[in-house]
Amino acid sequence: MKYCHLIKKTRHLILSLIITAGGLGTAGHAYALEDCIRGGNQNHSTMTSTINLRLTGSIKQNQEVGRFTFVREGGIGGVADCGPDAGIHGYTSYSEGSGIVAKHYGDIDGYPAYHIYPGGDRNFVYVLIDNRTGMHFQNQPGSNIPVPAGPLLPLDLTVIIYAAKDNPDTLSLTGGAYIGTVLIQAYNPGGGTTAVGYSYRLKGKIESAPSSCSLENSDLEFKLPRAPVNAFSSKGFPDGNYKAEDNLFISCNGDLSAHMKLMAAKTENYNGKKSVIVPDDEGNNNASGVGFVVTSPMNNDAVLVNQEFVKIADLQDGKTRVPLVAEYYRYGDSVKPGRLEANTQFILQFD
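Residue numbers for the sequence shown, in mature numbering (1 follows the signal peptide of the UniProt record, and there is no 0): -32 to -1, 1 to 319.
Derived from the structure by calculation, the hints contain no laboratory data.
Remember, predicted model here, so these are calculated numbers, not experimental data.
Any given hint could turn out to be false.
Lysine-lysine pairs mimicking DSS-like chemistry, simulated, CA-CA at most 27 Å apart [as the list claims (entries may be wrong)]:
no., residue 1, residue 2
1, 211, 242
2, 171, 203
3, 304, 203
4, 173, 133
5, 279, 242
6, 211, 241
7, 211, 279
8, 211, 234
9, 28, 173
10, 171, 133
Quick list of simulated restraints, FRET-style, between CB atoms [claimed, not checked]:
no., residue 1, residue 2, range
11, 187, 75, 33 to 39 Å
12, 234, 186, 20 to 26 Å
13, 2, 179, 53 to 59 Å
14, 126, 187, 39 to 45 Å
Ideal Cβ placement from N, Cα and C applies to all residues, glycine included.
With the hints as extra help, turn the sequences into a complete structure.
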């Protein structure tokens, strides 16, 4: 007996290909990049990326949740003058007080990822990339990134936000979180190297996804053992154990309940409900007088009903195996031996 889920499920696989150009400023320089010279319209400007992101669906650890660019907060022109072979020092950082060192999370998609806050927020991490060169920022000793000759304008950066755990919680960035620093000189804890450059920060909010579930398998198949006709001495369940079990696998990003209803073409009554599934092509060379009942062990063996939702399980965050059991049920005044098979459909509902 085969049951097919009605709800069509589509999975989207998003692949990101980032090609990094070799060029000047990579680890294989034939010569060192020169520092830019202090002397712009101002010494420092802040670049802000305002994020208003509401997640949906089931989010997995290390899954990309968004990419964002930055806008300058005040100031015009450059903060320094750069020669034809100049470069800057790019750091993932929180502040000068942090030693220009962000807390490393691990590599994602080939790039080093860092925690958004010094304490190591467990929900989200980031990768910071220079769009012109494709190079990534990193903590000490930083990244040496070539820049065009002339005034040192803000670098066009992209921050990629990733989930640091399955189904991350809401993260509020209202107060701002500094994640990157551009300096014209390599950072020196002795002082004097952080006065000129740009700071990059995040503001806004990343809202956790509303609780939802996804079904990993959409088909159920119950293969019941053969039963003799004399096991059906009266209406009801047979004498003996003639059952079969199959499982649904459901993944959720919160605590929900699963309800199921039958969509059978023909049913008979059990305890006043349309719960007995009548086999396909009953009679002729097939058996008659016997159908199937499906129950849910995770809800006190609740019996499924045609065109009516019945709770089958309480689901927790993560993956849950939900067993269902099918068994014979005599509904006819008489029983004829033969083959029994039924194909019907289910609808699942989560709330």
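**Item:** Pair hint outcome, residue 171 versus residue 133 [Cα-Cα no greater than 27 Å]
**Value:** Between residue 171 and residue 133 the Cα gap is close to 21 Å, so the pair holds against 27 Å.
**Prompt:** Is the hinted pair residue 211 and residue 279 satisfied, with a Cα-Cα distance of at most 27 Å?
**Reply:** holds, 21 Å
**Asked** Could one say that the CB atoms of residue 187 and residue 75 fall in the range 33 to 39 Å?
**Response** At roughly 38 Å between Cβ atoms, residue 75 and residue 187 fall inside 33 to 39 Å, so the hint holds.
**Request:** Given the hint that residue 211 pairs with residue 242, test it: the Cα-Cα distance must not exceed 27 Å.
**Result:** Status holds; Cα separation ~20 Å.
**Asked** Could one say that the CB atoms of residue 2 and residue 179 fall in the range 53 to 59 Å?
**Response** Distance hint for residue 2, residue 179 holds at roughly 54 Å.
**Message:** Against the 27 Å threshold, does the CA-CA distance of residue 173 and residue 133 hold or violate the hint?
**Reply:** holds, 17 Å
**Message:** Checking one constraint from the list: CA of residue 28 to CA of residue 173, max 27 Å. Satisfied?
**Reply:** Holds. Residue 28 to residue 173 sits at ~19 Å (cutoff 27 Å).
**Asked** Under the criterion that the straight-line Cα-Cα distance not exceed 27 Å, is the pair residue 279, residue 242 satisfied?
**Response** holds, 16 Å
**Prompt:** Do the alpha carbons of residue 171 and residue 203 lie within 27 Å of each other, as the hint requires?
**Reply:** With Cα atoms ~68 Å apart, residue 171 and residue 203 exceed 27 Å; violated.
**Request:** Starting from residue 211, check that the Cα of residue 234 is at most 27 Å away, please.
**Result:** At roughly 21 Å apart (the allowed maximum being 27 Å), residue 234 and residue 211 satisfy the hint.
**Request:** Decide if the proposed pair is consistent with the structure: residue 211 and residue 241, CA atoms, cutoff 27 Å inclusive.
**Result:** holds, 21 Å
**Asked** Quick one, are residue 304 and residue 203 close enough, alpha carbons at most 27 Å?
**Response** holds, 13 Å
Going down the numbered hints, you'll see the structure goes against just number 2.
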